[in-house]
Amino acid sequence: MQRCGWVNEDPLYIAYHDEEWGVPLRGDRELFEFLILEGAQAGLSWYTILKKRENYRKAFDNFEIEKVASYKEEKIAELLLNPGIVRNRLKIAAAIKNANVALQIQREEGSFSDYLWSFVGNKPIQNHWKVMSEVPASTPESDQMSKALKRKGMTFVGSTICYAFMQASGMVNDHIESCFCKLH
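Read left to right, the sequence shown gives residues 26 to 209 (this note's numbering).
Treat the hints as calculated values from the structure; they're not laboratory data.
Values in this document were obtained by computation on a predicted structure and should not be read as measured data.
Among the hints, erroneous ones may be present.
[Stated by the list, open to error] In silico BS3-like pairs for lysine-lysine, Cα to Cα no more than 25 Å straight-line:
1. K100 x K76
2. K122 x K155
3. K92 x K177
4. K148 x K175
5. K122 x K175
6. K100 x K122
7. K122 x K97
8. K172 x K155
9. K172 x K122
10. K83 x K116
11. K172 x K116
12. K77 x K97
13. K77 x K92
14. K155 x K97
15. K97 x K148
16. K177 x K116
17. K97 x K116
18. K207 x K175
19. K148 x K116
20. K97 x K175
21. K77 x K148
22. K155 x K116
23. K148 x K207
24. K100 x K83
25. K92 x K155
26. K175 x K155
27. K116 x K77
28. K76 x K116
29. K155 x K207
30. K207 x K177
31. K155 x K177
32. K122 x K207
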């Protein structure tokens, strides 16, 4: 079975590629989770974050936006001591700030999901890459998403992070043409 070239032999990574990556997500909580995890990945590999994802879910109250938005200094101190996540104060602070912005977007737009999906016209972009080297690190859509989220006050949402988020959440389908996930 042929897969995209970025997948290693770890069953966790294979399952992520085969069952999650590129599958459209519409839930506010699920999209918030991926946005925070992609931001946590900055400077690291996705594989590193994927191995810590269950720890992140426990540490961040399953990414319930309202709960994360309410975190105070005591919770930040607790997270900074948690060896199961990336203990970076700026990334933890960004998760809290971004949760508050997500709540603001929900109030203004009715749905965090609808707002994010608007950057791709509310339907997945189907790309047709033959090899991994053709897949871009960012696109005009991820540039627009990044700028809009930054204007609203989010951090760790640069264009490359936004594009990785769009790929992970199924806003774009970047499975290469020979990948079995693209074929079915």
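Hints, one by one, checked against the model:
A C-alpha spacing of about 22 Å is found between K100 and K76, which places the hinted pair at or below 25 Å, so the restraint holds. With a CA separation close to 38 Å, the supplied pair K122 and K155 exceeds the 25 Å bound. With a CA separation close to 20 Å, the supplied pair K92 and K177 stays within the 25 Å bound. The suggested pairing of K148 with K175 holds, with an alpha-carbon distance near 23 Å, which does not exceed 25 Å.
With a C-alpha separation of about 11 Å, the suggested pairing of K122 with K175 holds against the 25 Å cut-off. Proposed proximity of K100 and K122 is supported: the alpha carbons are some 14 Å apart, at most 25 Å. Distance restraint check for K122 and K97: the Cα-Cα separation of roughly 11 Å lies within the 25 Å cut-off, and the hinted pair is therefore satisfied. For the suggested pair K172 and K155, the alpha carbons sit about 29 Å apart, so the restraint of at most 25 Å is broken.
Of the pairs offered as hints, the one joining K172 and K122 holds, with about 16 Å between alpha carbons and a cut-off of 25 Å not exceeded. A C-alpha spacing of about 16 Å is found between K83 and K116, which places the hinted pair at or below 25 Å, so the restraint holds. Straight-line distance between C-alpha atoms of K172 and K116 comes to about 18 Å, which keeps the hinted pair within the 25 Å bound. The hinted pair formed by K77 and K97 meets the criterion: a straight-line CA distance of about 23 Å does not exceed 25 Å.
Under the criterion of a C-alpha separation no larger than 25 Å, the hint pairing K77 with K92 is consistent with the structure, at around 20 Å. In summary, the hint linking K155 to K97 is not supported, as the alpha carbons are separated by about 47 Å, beyond the 25 Å threshold. In summary, the hint linking K97 to K148 is not supported, as the alpha carbons are separated by about 37 Å, beyond the 25 Å threshold. Of the supplied pair hints, the one linking K177 and K116 holds, its CA atoms being roughly 17 Å apart against a limit of 25 Å.
With a C-alpha separation of about 15 Å, the suggested pairing of K97 with K116 holds against the 25 Å cut-off. Straight-line distance between C-alpha atoms of K207 and K175 comes to about 32 Å, which puts the hinted pair past the 25 Å bound. Restraint check: the Cα-Cα separation between K148 and K116 comes to about 29 Å, which exceeds 25 Å; the hinted pair is violated. The straight-line distance between the Cα atoms of K97 and K175 is roughly 22 Å, inside the 25 Å bound, and the hint therefore holds.
A distance of roughly 30 Å separates the Cα atoms of K77 and K148; the hinted pair therefore is violated under the 25 Å criterion. Among the hinted pairs, K155 with K116 is inconsistent with the structure: their alpha-carbon atoms are about 34 Å apart, more than 25 Å. At most 25 Å may separate the alpha-carbon atoms for a hinted pair to count; K148 and K207 meet this at roughly 16 Å. Annotation: proposed proximity of K100 to K83 holds, straight-line Cα distance about 13 Å (limit 25 Å).
For the proposed pair K92 and K155, the alpha carbon gap of about 42 Å is over 25 Å, so the pair is violated. A C-alpha spacing of about 33 Å is found between K175 and K155, which places the hinted pair above 25 Å, so the restraint is violated. Distance restraint check for K116 and K77: the Cα-Cα separation of roughly 15 Å lies within the 25 Å cut-off, and the hinted pair is therefore satisfied. Proximity of K76 to K116 is assessed by CA-CA distance (about 17 Å); at most 25 Å being required, the pair is judged to hold.
Among the hinted pairs, K155 with K207 is consistent with the structure: their alpha-carbon atoms are about 11 Å apart, no more than 25 Å. Of the pairs offered as hints, the one joining K207 and K177 is violated, with about 35 Å between alpha carbons and a cut-off of 25 Å exceeded. The suggested pairing of K155 with K177 is violated, with an alpha-carbon distance near 36 Å, which exceeds 25 Å. With a CA separation close to 36 Å, the supplied pair K122 and K207 exceeds the 25 Å bound.
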